[in-house]
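Residue 122 in the working numbering is what sits at position 122 of the sequence shown, and the numbering runs on without skipping anything.
Keep in mind that the hints are not guaranteed to be accurate.
[Claimed, not checked] Okay, the calculated beta carbon distance ranges per label pair: (1) L126 <-> F54: 33 to 39 angstroms; (2) Q104 <-> G61: 20 to 26 angstroms; (3) R141 <-> Q104: 19 to 25 angstroms; (4) T177 <-> K107: 27 to 33 angstroms; (5) W120 <-> S176: 16 to 22 angstroms; (6) L149 <-> D114: 28 to 34 angstroms; (7) A125 <-> E147: 14 to 20 angstroms; (8) R159 <-> S139: 17 to 23 angstroms; (9) D101 <-> T52: 15 to 21 angstroms; (10) G61 <-> R160: 14 to 20 angstroms; (11) K148 <-> V65: 14 to 20 angstroms; (12) F116 <-> T55: 18 to 24 angstroms; (13) E147 <-> R117: 16 to 22 angstroms; (14) V65 <-> T177: 17 to 23 angstroms.
[Said to hold, decoys possible] 27 angstroms max Cα-Cα, derived DSSO-like pairs, lysine-lysine: (15) K152 <-> K107; (16) K166 <-> K152; (17) K166 <-> K107; (18) K148 <-> K127; (19) K107 <-> K127; (20) K152 <-> K127; (21) K150 <-> K127.
Hints in this document: simulated from the structure, not taken from any laboratory.
Yeah, the Cβ is synthetic: ideal placement off N, Cα and C, and Gly gets one too.
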Amino acid sequence: MSGGFSLQPGSLSSSHVLGISVRGEDESNYTVVKHAIFFCLLLFCATSQAATPFTVTDASGTQVVFATPPQRIISLAPNLTELAYAAGMGNHMVAVTAYSDYPQQAKQLPQVGDVFRLDWERLVALKPDLVLAWGSSFSSRDRATFEKLKLKVLVLEPRRLDDIPKVLRLLGRVASTESEPKLLRTPSCNSLIPCADNMLGALRCAPIFK
1 MSGGFSLQPG SLSSSHVLGI SVRGEDESNY TVVKHAIFFC LLLFCATSQA ATPFTVTDAS
61 GTQVVFATPP QRIISLAPNL TELAYAAGMG NHMVAVTAYS DYPQQAKQLP QVGDVFRLDW
121 ERLVALKPDL VLAWGSSFSS RDRATFEKLK LKVLVLEPRR LDDIPKVLRL LGRVASTESE
181 PKLLRTPSCN SLIPCADNML GALRCAPIFK
């Protein structure tokens, strides 16, 4: 057509779409830049997806918000230490409390007190981004102190055997591991749950003699 232009099949390249005119050896440089931009976009999308905040509800009914999985975790009870390792948090544990002797790796970590008294100075110095607290020994005064120090706390309190898989799934979500020990999915383990409940019930009802 006179005064216009004709578009031949295959002539519309990505350089035309982006409004960039490239010729000769500049084409190879443009290709490299194009691939680099594409890679950066993929990286940005992946990072944005991974950084999506999520909320979990702990044993105290408190909603705890996580922007990213915690990287520096402190456990305030031996049983919580075991659960944290079982949920795949082991590589991010930075401290425990006294008598946290399982698994073996827990023995190598610094201690920040025990379930009755915490070494607050040492705890703060370790800069945790998550503290796992045992509900029965976590007082309102403790919560107020953690809030004042702006330390994130997740309260856990499994009371029955069948609470353990729930806690592990919760910790797995927090740590982005979604793990659960195979033992807890076996029929033999499930058969222990009613028995354990009966034993706990008997202990609660047992009279105390002085």
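Hints, one by one, checked against the model:
Under the hint 33 to 39 angstroms, the C-beta atoms of L126 and F54, about 24 angstroms apart, miss the expected range. A hinted range of 20 to 26 angstroms is violated for the C-beta pair Q104 and G61, which are about 35 angstroms apart. Evaluation of the 19 to 25 angstroms hint for R141 and Q104 yields a failure: the beta carbon distance comes to about 34 angstroms. Taking 27 to 33 angstroms as the suggested C-beta distance range, the pair T177 and K107 does not conform, at roughly 22 angstroms.
Taking the beta carbon of each, W120 and S176 are about 29 angstroms apart, not inside 16 to 22 angstroms as hinted. With their beta carbons about 19 angstroms apart, L149 and D114 fall outside the hinted range of 28 to 34 angstroms. For the pair A125 and E147, the supplied restraint of 14 to 20 angstroms holds, since their beta-carbon distance comes to about 19 angstroms. The supplied range of 17 to 23 angstroms is met by R159 and S139, whose beta-carbon atoms lie about 18 angstroms from each other.
For the pair D101 and T52, the beta carbons lie near 37 angstroms from each other, so the given range of 15 to 21 angstroms is not met. Here the CB-CB span from G61 to R160 is close to 18 angstroms, well matched to the stated 14 to 20 angstroms. In this structure the supplied range 14 to 20 angstroms holds for K148 paired with V65, their Cβ-Cβ distance being about 18 angstroms. For the pair F116 and T55, the beta carbons lie near 31 angstroms from each other, so the given range of 18 to 24 angstroms is not met.
Distance hint check: the CB atoms of E147 and R117 are about 19 angstroms apart, consistent with the given range 16 to 22 angstroms. Checked against the hint of 17 to 23 angstroms, the pair V65 and T177 passes, with Cβ atoms roughly 19 angstroms apart. This hinted pair checks out: K152 and K107 have alpha carbons roughly 24 angstroms apart, not beyond 27 angstroms. Straight-line distance between C-alpha atoms of K166 and K152 comes to about 20 angstroms, which keeps the hinted pair within the 27 angstroms bound.
For the hint pairing K166 with K107, the CA-to-CA distance comes to about 26 angstroms; that is within 27 angstroms, so the pair holds. Distance hint between K148 and K127 is fulfilled; the C-alpha atoms sit about 14 angstroms from each other, no more than 27 angstroms. Between K107 and K127, the direct Cα distance comes to roughly 20 angstroms. Compliance with the 27 angstroms bound is thereby established for this hinted pair. In summary, the hint linking K152 to K127 is supported, as the alpha carbons are separated by about 11 angstroms, within the 27 angstroms threshold.
In summary, the hint linking K150 to K127 is supported, as the alpha carbons are separated by about 11 angstroms, within the 27 angstroms threshold.
Hint check: violations occur at hints 1, 2, 3, 4, 5, 6, 9, 12; the rest are consistent with the structure.
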